[in-house]
Each structure stands twice: as structure tokens, then as C-alpha cells.
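Enquirer: Spelled out, the chains give:
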Amino acid sequence: MLGEFDLEIPDSMEEALEMLATADAPAPLAGGTNMLVDMRAGAMRPERVVSLARLGGMRWIEERDSRIAIGGGTTVSDLLRDKRIAVHGASLVEAARVFAGQMVRNTATVAGNVAYGSPAADLVPPLMVLDAEVTLMSKADTRTVPLADYFTGYKQTVRKPDELIAGIAWPKRRPGMADLFYKLARRKGDAITMTGVAVALSLERGKCAGVRIALGAVAPTVVRACKAEAMLEGQAPEAARIEEAARQAAQECEPIDDVRGSADYRRHTVHMLVRRLVGQAIERLR
Amino acid sequence: MAREKPITLEINGRRETATVPSHRTLLEVLRGMGHVEVKSGCEKGDCGACAVLVDGAAVDSCLTLAWTVEGRAITTVSGLGDADSPHPLQQAFADSGAAQCGYCTPGLIVAAQSLLSANPDPDEDDIRLALSGNLCRCTGYTKVFEAVEQAAGAMRARGGES
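Chain order of the listed sequences is R and D.
Numbers 1247 to 1532, taken from the working numbering, label the letters of the first sequence in order.
Numbers 682 to 843, taken from the working numbering, label the letters of the second sequence in order.
Hints listed in this document are in silico derivations from the structure and should not be mistaken for laboratory results.
It is possible that part of the hints are untrue.
[Unchecked claim] Just the calculated beta-carbon pair ranges, DEER-fashion: (1) R:Ala1482 with D:Gly834: 48 to 56 Å; (2) R:Gly1249 with D:Ser798: 33 to 41 Å; (3) D:Gln772 with R:Arg1487: 53 to 61 Å; (4) R:Thr1388 with D:Asp736: 47 to 55 Å; (5) D:Gly713 with R:Gly1249: 16 to 24 Å; (6) D:Pro767 with R:His1514: 47 to 55 Å; (7) D:Arg837 with R:Asp1284: 39 to 47 Å; (8) R:Glu1260 with D:Gly778: 32 to 40 Å; (9) R:Arg1305 with D:Ser798: 17 to 25 Å; (10) R:Arg1532 with D:Ser759: 32 to 40 Å; (11) D:Pro767 with R:Arg1532: 28 to 36 Å; (12) D:Ser766 with R:Gly1399: 32 to 40 Å; (13) R:His1514 with D:Pro687: 56 to 64 Å; (14) R:Leu1531 with D:Glu697: 56 to 64 Å.
[Stated by the list, open to error] Listed below are the simulated DSSO-like cross-link pairs for lysine-lysine, each with C-alpha atoms no more than 30 Å apart in a straight line: (15) R:Lys1406 with D:Lys725; (16) D:Lys725 with R:Lys1401; (17) R:Lys1434 with D:Lys824; (18) D:Lys686 with D:Lys725; (19) R:Lys1418 with R:Lys1329; (20) D:Lys725 with D:Lys824; (21) D:Lys824 with R:Lys1385; (22) R:Lys1453 with R:Lys1434; (23) R:Lys1418 with R:Lys1406; (24) R:Lys1401 with R:Lys1473; (25) R:Lys1473 with R:Lys1385; (26) R:Lys1434 with R:Lys1401; (27) R:Lys1434 with R:Lys1418; (28) R:Lys1434 with D:Lys686; (29) R:Lys1453 with R:Lys1418.
Note that the structure is predicted; figures quoted are calculated from it, not measured.
Even glycine gets a Cβ: it sits at the ideal position worked out from N, Cα and C.
Just need the whole structure built from these sequences, with the hints factored in.
Expert: Structural data, given as C-alpha cells:
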């Protein structure tokens, strides 16, 4: 059973931000599929909760010139039903498909998955390789933060207590670009990720360009393997070079031993998955 | 601030009112009102035994605060059909032996209905994906997938109603 708390259910973003702008900083609750579990386990004991379940006008997907944008209330299931996301966020769709189970996908929001700051959040590696930006809104201010700078530590983010994620946006797919995601876990659905890897790159005149590699569940936050990316950038995608970059990616994570896998095994899987996904991206583009 | 208030829920087409504390889940409220066809399993969104439809989409009622679904249409497995007039999914589950102990069955049928209302002609991959949040610990899933395919066929033949 959940502990007691005050619960407010605003109808609009303005009303919600007003409630969050008070000194006692109530906890915003989106889909609740993480937070209610933590509250039931006693890991979180908020006195005041502001439910975002009934905010009007926050659940949308839009094409804006060169970008795709989604609202803070957009659910994981919404991603699976939208043709524009299928085109401009193929890796994100792959992650959404293996995200928990249907009931959780119908409730959980993309913004909530980002906001919770779990290193195993499956939507984050794809959003990171897509160069997503997060728009944070408070009563007083609106600011946009690159997702790559959003996480500051294990379940720590740049979001201030009075801010909500209003939207997330990323550039449309460039011609000749491929993005992929792979979740390694005990089974495809309803499982916490042991290692998650997302890769995005383009081929320009036979050379790799815009290389992005993001690693999930192998560090306190989702991380970019920036040195591995640099080893591939501007280079012809030869097998030896991909192998070298995959090895480097495995050095850029800081995995731990836990019930899902040992640190050594996680490092090994980063090496294997980066090599495989970069290879698949190249194959897809040829 | 009041931590308890009367709320009205629309359950299987009937409006029911109860005084409910803010921290009560929809699962607890439904069972408290006598809707014990909604099962309590893991209480953390893994097993799907507590699935109900809210405005046609399946959600885990254990992860839904009751206050947040006031005025929404809530459907439990009993709202889909009964022994005299079973829903095609209920009929197909019975016909193909897709239930053993039956504890997961209400959630499975609700999750399958949520799938079929959005996608009347799912392939096996779609069915597996839609049921990945429902755990069965006795019969396994083969018969369940068969039952959903069978029901989908029956519903398409009937012209997609219900």
C-alpha cells in the first residue's frame, strides 16, 4: 500500500507550474509507472504530489520544419503509432517496442522516462544519438537543454524542482543516415536492460559522418562514447576501424556488478554491440 | 488539504461513487467496490493481472491513482462479456484452453482487447508485443496467442463490432 500524500490534479500546464512554484516543492507525477513503484517500496515519500495525468494539450507529436517534436505528455505507445516517428526516430521505435509491457507503454510518458534519470531508461540512448533537446518550463522561465547535458549523476538531472519537461525535439533524419538501438536483457519485453546501445551515423562519400554512440545501463547515467565516435568520424568504415572504435566504447563506460550482469560482462557486451550496430548501420546504408 | 473525497467512477458503463483517499490505486478501489475480477499480482507493473481499460486503452490499475480517472470509462474483463454473452476473446480463451489457474486471464483478455481495438488484424509479433506485460505462470503463452488470433478472426468476420 502507498503512504499518504496530498494529491493535486491540475487541468493545464499553467496550473501545474503554478503548483510547482511553491516553496515545499511537490513531486510531479507523470505516468507513475516508475514513481508509484518507488513510493510503494518506500524509496520516495513525497508529502505533496502533483499529478500530470490530466493536463490538456501536452500529448502531441509535431513536424516543425527540420525537426520532430513531442509534448511532455506523449506516451511510449504514442511513439509506436506515429508514422513520422517511424521515419525520423527508427531507433526510438525499436526502444519503445521493447519498453516494459503494453499497459506500462500506454501510461508511461517519454518525458517521464527522461526525467527519472535512470541509467537503464530505454528511450534515452536513442534520443541521445538523435541529438534530442529537452525543453524545461517553469512558471518564470523556459529553457532548452541538450539531452547529452541533461544528466548529472545517478538519477540526478538539471531539472529544477519547479520545472517540467514541456517537450522533446530532435532533427529529422538526414538523407543517408541510419539509427539503431539494441536492448540486451533476459527477454524482449518486461525486463530491465542489462546493456542498451544506440548508434546513429551517415555515410558521406564513403566516409562516416555525424557518428553518435550512446550506452545505457553501463554507467551512473546514459553516456555518449565520444572518443569512439571520434575514431569513426570522417573515416572509411573498415572492419578494423569499427573494431577499434567498439573496443574504445567499452573503455568509456563504468559498469557495475548487479543481479542482471557483471561489470566485466557488461563491458564485453558494449564492445560486441557497438561493433554489431555500427556494422548494421553501414550495411543498411550501402 | 483533504486527503479523502467522494469520487465517481464509470465502471462497465455504470456510475459508482465512493469516498477514496488520495493514495488509493484504482486496483484497490475496484476490488473494494466488489470488482474482484480485477486481480492483484505484483503491484509494480510487471504482471498485468490488474489490467483494465481506461477509455479503451489497457493500463495497470495498480499503477493508477483512483482520483486521476474520475469521469473516464473504466472497463474490467466483466464489462466485456459474461458467461451468457461472452466476448469473442472470452469465448476463444475457453475454446482453446488458454487458461489454467485463470489468475492472469482477466488481464490477458483486457490487454488483448486493447490491442484488437487498435489493430483488428495483428500478426503474431504484434500479439506478443501487446501481451509482453502479462505474465502467466502455468499454461504458457502458445494457447493464449492462438486464442487472440482466433478471436481477432471472429471479430473481423462479425464486422469489427465490440
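Enquirer: Does each hint fit the structure? Answer for all of them.
Expert: Taking the hints in turn, this is what the structure says about them:
| no. | hint | result |
| --- | --- | --- |
| 1 | R:Ala1482 with D:Gly834: 48 to 56 Å | holds, 52 Å |
| 2 | R:Gly1249 with D:Ser798: 33 to 41 Å | holds, 36 Å |
| 3 | D:Gln772 with R:Arg1487: 53 to 61 Å | holds, 59 Å |
| 4 | R:Thr1388 with D:Asp736: 47 to 55 Å | violated, 30 Å |
| 5 | D:Gly713 with R:Gly1249: 16 to 24 Å | holds, 18 Å |
| 6 | D:Pro767 with R:His1514: 47 to 55 Å | holds, 51 Å |
| 7 | D:Arg837 with R:Asp1284: 39 to 47 Å | holds, 42 Å |
| 8 | R:Glu1260 with D:Gly778: 32 to 40 Å | violated, 54 Å |
| 9 | R:Arg1305 with D:Ser798: 17 to 25 Å | holds, 18 Å |
| 10 | R:Arg1532 with D:Ser759: 32 to 40 Å | violated, 55 Å |
| 11 | D:Pro767 with R:Arg1532: 28 to 36 Å | violated, 53 Å |
| 12 | D:Ser766 with R:Gly1399: 32 to 40 Å | violated, 56 Å |
| 13 | R:His1514 with D:Pro687: 56 to 64 Å | holds, 57 Å |
| 14 | R:Leu1531 with D:Glu697: 56 to 64 Å | holds, 57 Å |
| 15 | R:Lys1406 with D:Lys725 | holds, 27 Å |
| 16 | D:Lys725 with R:Lys1401 | holds, 19 Å |
| 17 | R:Lys1434 with D:Lys824 | holds, 20 Å |
| 18 | D:Lys686 with D:Lys725 | holds, 25 Å |
| 19 | R:Lys1418 with R:Lys1329 | holds, 13 Å |
| 20 | D:Lys725 with D:Lys824 | holds, 26 Å |
| 21 | D:Lys824 with R:Lys1385 | violated, 53 Å |
| 22 | R:Lys1453 with R:Lys1434 | violated, 33 Å |
| 23 | R:Lys1418 with R:Lys1406 | holds, 29 Å |
| 24 | R:Lys1401 with R:Lys1473 | holds, 24 Å |
| 25 | R:Lys1473 with R:Lys1385 | violated, 39 Å |
| 26 | R:Lys1434 with R:Lys1401 | holds, 24 Å |
| 27 | R:Lys1434 with R:Lys1418 | holds, 28 Å |
| 28 | R:Lys1434 with D:Lys686 | violated, 41 Å |
| 29 | R:Lys1453 with R:Lys1418 | holds, 21 Å |
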